[in-house]
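Protein sequences, first through last, are from chains B, R and A.
In this text, residue positions in the first sequence follow numbering that gives the first Met the number 0: the first is 0, and each later residue adds one.
In this text, residue positions in the second sequence follow numbering that gives the first Met the number 0: the first is 0, and each later residue adds one.
In this text, residue positions in the third sequence follow numbering that gives the first Met the number 0: the first is 0, and each later residue adds one.
Simulated from the structure, these hints should not be mistaken for lab results.
For clarity, every value in this text was computed on a predicted model and none was experimentally measured.
This list has only true hints and no planted wrong ones.
Short, incomplete list of chain R residues facing chain B, as computed with Cβ under 7 Å:
#1 VAL247
#2 THR254
#3 LYS261
Quick list of in silico lysine-lysine cross-link-like pairs, BS3-like style, CA-CA up to 30 Å:
#4 A:LYS44 / R:LYS77
#5 A:LYS69 / A:LYS96
#6 R:LYS105 / A:LYS69
#7 B:LYS40 / R:LYS266
#8 B:LYS27 / B:LYS240
#9 B:LYS21 / B:LYS240
Ideal Cβ positions, reconstructed from N, Cα and C, are used throughout, including at glycine.
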Amino acid sequence: MASNDAASQVNQGAGFMGWLNKRLPVNKFISDQLLEYYAPKNFNVWYFFGSLALLVLVMQLVSGIFLTMFYKVGDTTAFESVEFIRREVSYGWLIQSLHAIGASAFFVVVYLHMYRALMYGSYKAPRELLWLFGMFIYLALMAEAFMGYVLPWGNMSYWAATVIINIFSTIPVIGPGLVEWIRGDYGVADATLNRFFSLHVVAIPLILLLLVALHLVALRQVGSNNPDGIEIKENKGSDGKPVDGIPFHPYYTVKDIVGVGFFLTLFAVVVFFVPTFGGLFMEEANFEPANPLSTPEPIAPSWYFTPYYAILRAVPNQRIGALLLLLAVLAFFFLPWLDRSPVKSVRYRGLWFKGMLAVFTVSFLALMYLGLKPASASYVNAARVFAIGYFSFFVLMPLYTKWDRVKSVPKRVSFHE
Amino acid sequence: MSKSIVLALSLLFTPWALAAETAAEPAAEPAAGAAVEGAAEAVNWQDLKAGNEVSNISSLQEGARNFSNYCLGCHSMKFMRWSRMCDDLRVPKAECQANLMPPNAKPADYMVSSLRAEDAVAWFGKEPPDLSLIARSRGVDYIYRLFKTFYVDPAKPTHTNNLVLDGIAMPAVLSELEGVKTAVYKNVDVVVDGKPSVQKVFDHFSTTSPGQLTEAQYDKFLRNTVNFLDYAGDPTQVDRRSIGIWVVLFLLAFTGIAWLMKKDYWKDVH
Amino acid sequence: MADQEAVDLDRRKFLTVATAATAGVGVVFAATPFVASWSPSERAKALGAPITVDLSKLEPGMMLTYVWRKQPIYIFKRTPETVAKLAAHDAQLKDPKSSDSDQPAYATNEMRSLRPDVAVLIATCTHLGCLPKQRFEPADAELGADWPGGFRCPCHGSRFDLAGRVFNGSPASVNLRVPPYNFENDNTLVIGSDDAAVQGAA
Numbered sequence: 000m001a002s003n004d005a006a007s008q009v010n011q012g013a014g015f016m017g018w019l020n021k022r023l024p025v026n027k028f029i030s031d032q033l034l035e036y037y038a039p040k041n042f043n044v045w046y047f048f049g050s051l052a053l054l055v056l057v058m059q060l061v062s063g064i065f066l067t068m069f070y071k072v073g074d075t076t077a078f079e080s081v082e083f084i085r086r087e088v089s090y091g092w093l094i095q096s097l098h099a100i101g102a103s104a105f106f107v108v109v110y111l112h113m114y115r116a117l118m119y120g121s122y123k124a125p126r127e128l129l130w131l132f133g134m135f136i137y138l139a140l141m142a143e144a145f146m147g148y149v150l151p152w153g154n155m156s157y158w159a160a161t162v163i164i165n166i167f168s169t170i171p172v173i174g175p176g177l178v179e180w181i182r183g184d185y186g187v188a189d190a191t192l193n194r195f196f197s198l199h200v201v202a203i204p205l206i207l208l209l210l211v212a213l214h215l216v217a218l219r220q221v222g223s224n225n226p227d228g229i230e231i232k233e234n235k236g237s238d239g240k241p242v243d244g245i246p247f248h249p250y251y252t253v254k255d256i257v258g259v260g261f262f263l264t265l266f267a268v269v270v271f272f273v274p275t276f277g278g279l280f281m282e283e284a285n286f287e288p289a290n291p292l293s294t295p296e297p298i299a300p301s302w303y304f305t306p307y308y309a310i311l312r313a314v315p316n317q318r319i320g321a322l323l324l325l326l327a328v329l330a331f332f333f334l335p336w337l338d339r340s341p342v343k344s345v346r347y348r349g350l351w352f353k354g355m356l357a358v359f360t361v362s363f364l365a366l367m368y369l370g371l372k373p374a375s376a377s378y379v380n381a382a383r384v385f386a387i388g389y390f391s392f393f394v395l396m397p398l399y400t401k402w403d404r405v406k407s408v409p410k411r412v413s414f415h416e
Numbered sequence: 000m001s002k003s004i005v006l007a008l009s010l011l012f013t014p015w016a017l018a019a020e021t022a023a024e025p026a027a028e029p030a031a032g033a034a035v036e037g038a039a040e041a042v043n044w045q046d047l048k049a050g051n052e053v054s055n056i057s058s059l060q061e062g063a064r065n066f067s068n069y070c071l072g073c074h075s076m077k078f079m080r081w082s083r084m085c086d087d088l089r090v091p092k093a094e095c096q097a098n099l100m101p102p103n104a105k106p107a108d109y110m111v112s113s114l115r116a117e118d119a120v121a122w123f124g125k126e127p128p129d130l131s132l133i134a135r136s137r138g139v140d141y142i143y144r145l146f147k148t149f150y151v152d153p154a155k156p157t158h159t160n161n162l163v164l165d166g167i168a169m170p171a172v173l174s175e176l177e178g179v180k181t182a183v184y185k186n187v188d189v190v191v192d193g194k195p196s197v198q199k200v201f202d203h204f205s206t207t208s209p210g211q212l213t214e215a216q217y218d219k220f221l222r223n224t225v226n227f228l229d230y231a232g233d234p235t236q237v238d239r240r241s242i243g244i245w246v247v248l249f250l251l252a253f254t255g256i257a258w259l260m261k262k263d264y265w266k267d268v269h
Numbered sequence: 000m001a002d003q004e005a006v007d008l009d010r011r012k013f014l015t016v017a018t019a020a021t022a023g024v025g026v027v028f029a030a031t032p033f034v035a036s037w038s039p040s041e042r043a044k045a046l047g048a049p050i051t052v053d054l055s056k057l058e059p060g061m062m063l064t065y066v067w068r069k070q071p072i073y074i075f076k077r078t079p080e081t082v083a084k085l086a087a088h089d090a091q092l093k094d095p096k097s098s099d100s101d102q103p104a105y106a107t108n109e110m111r112s113l114r115p116d117v118a119v120l121i122a123t124c125t126h127l128g129c130l131p132k133q134r135f136e137p138a139d140a141e142l143g144a145d146w147p148g149g150f151r152c153p154c155h156g157s158r159f160d161l162a163g164r165v166f167n168g169s170p171a172s173v174n175l176r177v178p179p180y181n182f183e184n185d186n187t188l189v190i191g192s193d194d195a196a197v198q199g200a201a
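Next up, chain B with everything else stripped away, as it sits in the complex (with noise of 0.2 Å):
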């Protein structure tokens, strides 16, 4: 890697860069962050989606300042103006539809990028850390996806804002005041509406911004996991570099536009071919405004939260059901603790592991399924089967990483050319 060695000293360089590096650590960030940075070399395609998200976080954050532009907030000018957006906007269908689909893609991506993290036990130590920042940013995203889906003003807008705020009414003591207080209203209204904008365009950005800054900085002092789940930072070679290590720059930083071409290509078709994707994307019901006297049948929240939905139907009490929506989505928080096993990746995992690990895929995927259909019985009971697969991966986890009879992590990573 002779291309290298020049970049491993920090070069402040001449003129205009040498009086602005004395200044300004630019060619020493550069350097630790891309040049000096090592990466193991035997990522594979899991491994693009962390980019990929920080990617759909920009252009979420464009098409959304441009959006902001031309919505006008208020349940009586939020469709309209949407509708002028998309029809007397230049490309403004196009800017709205990159936003509406944006938020699916960021889901599409944030769910793969975690699901690694559980495939190659990305969240085990060191790295709870940088896990729990990414559970921040799960957890920031939804509320900011919900809000934004509020926005539009649209029939499924007010009754989504109607039944994910009255969970909060499950609370005991302060859940009806916490609901009227969150509403600002009796009922979903105008100034929920306005609040639900300012926390969509200000508030929670900000703080998404700040957990993903947190989120890469854990990242770089950490250093990434790979599928192999070995830690390359105990292999240095005689030049103190990771023996399985590369430079992130150039050749991770080559590979990852590889993978923004796959996904802006695949990303374009849905946008220009099948924007509304069956009704996932964007919803029917949501091209009728907002209506207090009728709820869109059936009704169902957006894709990326129905594992959820079902969870909470999946239980005839209200309150334990509100109660084990939020312990589903929690649940996360607790991995690395319990996780017991001596080895991080599936690879190296015994029939426990990875027998569970298809249970919980399954039920996630089952749930997710079973959070688009109406609430009949047949559904309900198979949302309970899920739910119960979907928690006892999660409870069952102390005990069957360590009952897992798993193999020998070699050494070096696995890597073919």
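Assemble the complex: chain B is given as a structure, and chains R and A must be docked to it using the hints.
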């Protein structure tokens, strides 16, 4: 590795599978008991498809005329502008003003009905819905089926009913074209709560007085009108698809070049 | 780390440049819709359609103010005497022949109008966009004994004559702009379109 790709792909394409299923379902659910052999209708009404083609300009022009003549009296299309519609549909300005627009409308005006809301409520019991987005919120097939299943029902105060929307407030305005139809029912043995009983279910329509159009002509009339509503719901859709082809081709080319670059750099990594 | 196979650096450089160039083109493409979204919307364009003004009540020496495309438009009638005197102060003007100013071809004349009696001007000072005030009385106390009548901008004191031509010593350097317009008949003025045939059809 290959297993992970399969997993990734199945996750990515799960929405596709779900979409296909949700699309199929509404048709299947109300169909129980309605499938009938030897009925007058060759196709079950729940299976009727609009089959419109939104890139067909002459169909859209016909549809715009139908909309202006038969719908605009009561229904607005408040997000659509006359000038924009006529430009998109390549209707010359003079022709647009003469044939489509109401006499007092200006080209920049939105396509709004002259029916006043309070009159509508007095006459029909409710305000006729705006049709700008009806094709997006209900789908083209829904509208097509709605206008294929109006029939005379003496039991209703309006003497009109509809298979798609029971107790519809809208009068059968197209019966002068389609003809007047009544519903013919048949008895079907069913089992309710373990007990056998007989249920009256819809069998077919019988035309009591023919309209101005033959069935084929009426179907074409409907298809054009639905096509226009489809266009109006998403007026940029034709542009969108034609731009999309170039965007996707460009991105594929970019991905190809980037992939070659990646391969070249990764020759270093052993 | 000795390379096991020789790396063709030219090829690598070419591919890097090609990727960067394609990405650059892509970024420009991607920016286009965002840049375009700032241009006037279809609604703004529709509302910017030509307007019709009835001149039957407009007496010589009087002025009407209309708004077309968010710009104030001054429409006033000049008496035959005013018209006759307009050529007299050419020496005091920066651009008497309107050769450097912005107006339709049919208004590139001394009167800066289609008809000598009717003036149609965009009432936006060509200096910094304020609204020039009507000062039609000649020999104004403030503007001097040789003031022939015209407009004065309150913001920075630019002065214009009754054909909207700017006087020497004004901060503005070109004459008031003239919008496209035409006469449907003697008393009907259409602002925003200079083609009577097109206007009739729209």
